[in-house]
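Dock chain B against chain A, hints included.
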Amino acid sequence: MSVSAVFLLDLKGKVLICRNYKGDVDMAEIDHFLPLLMQEEEDGLLSPVLLHGSVHFLWIKHSNLYLVATTNKNSNASLVYAFLYKLVEVFTEYFKELEEESIQDNFVVVYELLDELMDFGFPQTTDSKILQEYITQEGTKLEVAKSKVPTTVTNAVSWRSEGIKYKKNEVFIDVIESINVLVNANGSVMSSDIVGSIKLKTMLSGMPELRLGLNDRVLFALTGRDKGKTVTMEDVKFHQCVRLSRFESDRTISFIPPDGESELMSYRINTHVKPLIWIESVIEKFSHSRVEIMVKGGKEFLMRAHFGLPSVENDELEGRPPITVNFEIPYFTVSGIQVRYMKIIEKSGYQALPWVRYITQSGGKQLNIFI
Amino acid sequence: MPYLGGEETVKELRRALSNPHVQGDPLRHRSTVLRVIRVMSQGVDVAGLFSEMVKACATTDVVQKKLVYVFLCSYASLNPELSLLVINTLRKDCQDPNPMVRSLALRNMTNLRLPSLVEYVQQPLTAGLRDRAACVRRVAVLGWAKLHSLQPHADIDAAVVNELYSMLRDNDPVVMVNCLRALEEILKEEGGVAVNKAIAHHLLNRLKECDVWGQCEVLGVLQRYRPHSEEELFDILSLLDPYLLSPSVPVMAATLGLFLSLCCRGLPAVSLAALRRAQAPLLAACGSASPEMKFTALCHVQLLLRSLPGLMGEHYKRFFCGYAEPAYIKQRKMQVLVELVNDDNVGFVLDELKGYCTDVSPDTAQAAISAIGRIGRSYSDQCLEILTGLLGLKQEHITSVVVQTMRDLVWVCPQCSESVCEALEGCEDTLQDSQGRQALLWLLGVHGDRVSSAPYVLEAFVEQVRSEMAAGVKTELLTATMRVFLCRPAETQDTLGRLLHYCIEEEADMNVRDQALLYYRLLHCGIEETRSVLQGRRSDPSLGVLIGRPAEPVSQWARSFNTLEPLRQCNAGAESAPQAAPYHLALDPEPTPGSGGGQLGLSLSPALSPQQFEHLWLGGPQCPHGEPGKGLQAALQRSHIQTMAFTPPHTLPWRVYLYTHTRWGGPAPRGPTLVLGELLYTGGRGLRVTAKQRPRDDEAMKGFLQVLSGALHTSSTGSC
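Line by line, the protein sequences give chains A and B. Straight run, no breaks: the first sequence in UniProt numbering ends on number 371. Straight run, no breaks: the second sequence in UniProt numbering ends on number 720.
It should be emphasised that the hints constitute simulated quantities derived from the structure, not laboratory data. Just to be clear, a hint being listed does not mean it is correct.
[Unchecked claim] Between beta-carbon pairs, the in silico distance windows are: (1) TYR331/A / ALA324/B: 26 to 32 angstroms; (2) ASP250/A / GLU119/B: 53 to 59 angstroms; (3) TRP355/A / SER77/B: 54 to 60 angstroms.
Glycine included, each C-beta is placed from N, C-alpha and C at the ideal position.
If we strip away everything but chain A, and leave its shape as in the complex, we get (with noise of 0.2 angstroms):
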């Protein structure tokens, strides 16, 4: 993986903080990121790889950030982007919202965290839960440090601890489902495809073993059973703690899941579905005056909107955004998947209540009609 040392800078390519994890790239490069960042952009070359003599600088943006890795081996490229979202989830679980205050503000946690986030260039403990038990912001209140160890890091099962424990033992499980449509500009449904994400909100004390059910249709087909409506799932992507051996031989999602909110698995659910909600728009433009924009969502609704123009006009083509419709509809699925059963079993045998949610979604590219 090696990298060589990290970054954060902000939008003017001052450095808050780095880390200089492997001491063989000079931490003067950075100075050159961002001059060569604003360069490619100018030549439409911009990607997420800058290369300076033989430094390559591996970068992603977030808010008013620049999250920098360095590097002068022929390193896994997507290894690192991978540590590099990696912080921002870290970050963010701690400061709520990562950005240049929230960093400037906290960065004793930040040397903290990024001193056990990787050592020597190749990531160490990167799971903000565990990470949480032993550093933490109150920790800057001096409460005489903390002298445990928690177990986790010792721990077989690295995403759960041992000895948690509710009064009320639940499991909420959220089914969330989003739709992507593409539309061509006649009108006619392109591709349609549907993404969808299982979470979990677990509180369950102990070392519990669950096992989820679906109404999956290779399962059916495996057992034979074939009543109801089912779903066939496609690139199926699951937690870390899902027993990944059991799910290709006999389906079966097994696992001990991690304390808290957690996603267990994404699918895409590759159907044709109708659009739920359809969008028309007229745009008509009136000379130099003004233009009347024209929106016309399923039976219900119309918005005519006029804009009064300046007489100065721009010579260029103007691009025609695409419209984007947010909306969410509960307790529905468009897929029809559904949760069958939620099993769960701990040593002490305690009674425990899943409680199952479905939701539908507005997708990330929704609907992009041009009429």
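Okay, now just chain B, sitting in the frame of chain A:
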């Protein structure tokens, strides 16, 4: 950033740090240390506080310790002597009952990066390897790697290496993975960890315990393992199969990389099956939320397509661009789309690309137009229709790229020239930039007989030649006017005369003037002479077939899979087909000992015209024609290498341009490749050879260089 009042601040901080009252009050002491770090991260030079900070290190407050360590690690290299003082505190901390303190001390001890401290660090590191707390062992293991990178030439302690090997069986997965990382660093010169069967199987069995980073590391190291039997290979593959479904893109990619390296030797069928298996996860990664991951995945899809052209053809919709995607992703996606085109989807793909041509961002629009041009090599009618339609928009930047694209298209698809010539009428008014106008002039010159208005368009250009800034446009104008003159003398004679007169008498740019003079003298030699020089081929269909391109063997690129390399090629341009790769190597005029190159033969057919050579050399420097050194030319000719142009002998730098085709005589049938070369002699010892090849074939290149050096050797005894 200069920080005003920095010196004052440092003074004040020093006072505070050495104040016994502050030192006595843990809370105040820590907040003072904190202020030092805060000023430090603002860019103030606080190196002067080093000795005060060393004292602040002796504290029971872990947070304060951490802060002091951050300071010490930043400034240790400036104060090696004072750092010695810290070592004692650190070594004491290594005995602390709290494992967090022990690991902290050990980590920072190795982070000071001072070779002078190595002897003090070794003992605590050795003890750390046997610590009962895993977090200390993790740090200690990597500590050895750090020591080694500090003194890369020091002897390797075999006892440590053995201990690290045995710690691969440590209970803690992170310790195991860190051992791998450390051994890779320490044994770099020997090629990294030796992966035998026992280690490989152990690592495979523990893969599931590791976190994603560890899994990637283990999968990477396993690439070096060669299974002993086919059965073992299949066992490993089926064990790894679930990891292709990992939610983490890096793990999926590392698994794929391992699949490829396990399969690409020997078993082509399995290796192709692995590639097909790779398709779905890679496609899924192409849809990941982070644009950087998407970009990485797209680059790897391109790698895959080199060996399986047309794979994923049915999934072309996954490569349609989203409105808000960054330009680098859009451009990559279009490059992929070009590769995926087949009879079934070409209509849809072109429809989609057509939409991008009018994108608000000119870069995206241009990329889309060039993509259509490349598809046009296989589906010329449909593409030409779109391109012609775009000319109707009369947008400056669009017209320019369309004309350039048409020029490139006509060069490889002569059957398009008819429709292109029709479309060209009238577009000269919208062209503003020099690139576009050069393309138009080239087209007018080569196809002047078919564009009825050609002489009059040229005339308009000639009238404005005084205000023309770009030398490139002027030379192109000269050539074009000459060519049109050859096929339509009556209409062009007057224009040409005025242009030559202007260029010879008034032009300031020497290149333009020389070229005008050359044409002028050429005309004196007679019309037939001129024709034979100026009218070369109009096209070369052999260059650009998109469909049916030979698939590269997986082993060509398997090594660069899942590294930075596929991403780096991003700026190489839209041409994603295997490109002519320039080789630079210094060559001693002595033949290298044979390496099986005897099978290789060179051939002169098909012959290249000077224009073609120039076009192929792509922007290579133009060379004046002179008297070739006869001895060398003959020697090269005997070896079937054609010399294209020479600089006169006894001038420096001395250059020769040459080309040849390689032919394989051996049992393995391989396609011929075209080799273009430049010899450069700048005085002193040795001759520099730059060669370009199309398509790429390393073996053939080796053979070519061998023949060339042989020829040079025979001639060097003669004339040069």
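Taking the hints in turn, this is what the structure says about them:
Taking the beta carbon of each, TYR331/A and ALA324/B are about 30 angstroms apart, inside 26 to 32 angstroms as hinted. Taking the beta carbon of each, ASP250/A and GLU119/B are about 58 angstroms apart, inside 53 to 59 angstroms as hinted. Between TRP355/A and SER77/B the Cβ separation comes to about 57 angstroms, which falls inside the hinted range of 54 to 60 angstroms.
Checked against the numbered hints given earlier, this structure breaks none of them.
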